[in-house]
Amino acid sequence: MQYGCIVNELEQECSTIDELKKVIFVGRYSIEVSSELYDKVKTAKEMKEIEKRKMEKLIRN
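With this note's numbering as the guide, the letters of the sequence shown map in order to residues 8 to 68.
Think about it this way: if two alpha-carbon atoms lie no more than 27 angstroms apart in a straight line, the pair counts; the simulated BS3-like pairs of lysine-lysine are:
#: 1; residue 1: K64; residue 2: K49
#: 2; residue 1: K49; residue 2: K61
#: 3; residue 1: K47; residue 2: K59
#: 4; residue 1: K61; residue 2: K47
#: 5; residue 1: K52; residue 2: K64
#: 6; residue 1: K49; residue 2: K59
#: 7; residue 1: K47; residue 2: K64
Here are the computed distance ranges between Cβ atoms for each label pair:
#: 8; residue 1: Q19; residue 2: R67; range: 52 to 58 angstroms
#: 9; residue 1: I24; residue 2: E56; range: 37 to 43 angstroms
#: 10; residue 1: K61; residue 2: T23; range: 41 to 47 angstroms
#: 11; residue 1: E16; residue 2: D46; range: 21 to 27 angstroms
#: 12; residue 1: E43; residue 2: S22; range: 30 to 36 angstroms
#: 13; residue 1: L44; residue 2: I66; range: 31 to 37 angstroms
#: 14; residue 1: V30; residue 2: A51; range: 26 to 32 angstroms
#: 15; residue 1: E56; residue 2: E20; range: 41 to 47 angstroms
#: 16; residue 1: M54; residue 2: E18; range: 34 to 40 angstroms
#: 17; residue 1: L65; residue 2: L44; range: 28 to 34 angstroms
#: 18; residue 1: V14; residue 2: K55; range: 20 to 26 angstroms
#: 19; residue 1: K49; residue 2: K29; range: 36 to 42 angstroms
#: 20; residue 1: N15; residue 2: E58; range: 26 to 32 angstroms
#: 21; residue 1: E16; residue 2: E58; range: 30 to 36 angstroms
These are calculated hints, taken from the structure and not from any lab test.
Just so it is clear, CB atoms sit at the ideal spot from N, CA and C, and this is done for glycine as well.
Please put together the full structure from these sequences, using the hints given.
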């Protein structure tokens, strides 16, 4: 449910793991956090609780 809420953007294109490590190490990236993240996490927690109750009910029956 939270897919796409946090996006990492690199300042340069990387084609190898070593290039990616270097870009991250020197801090040449930005992190964008969606304003919807809190609501999506809250909804996911609520859905998990509902599913947990359903499973408990199935086990009891």
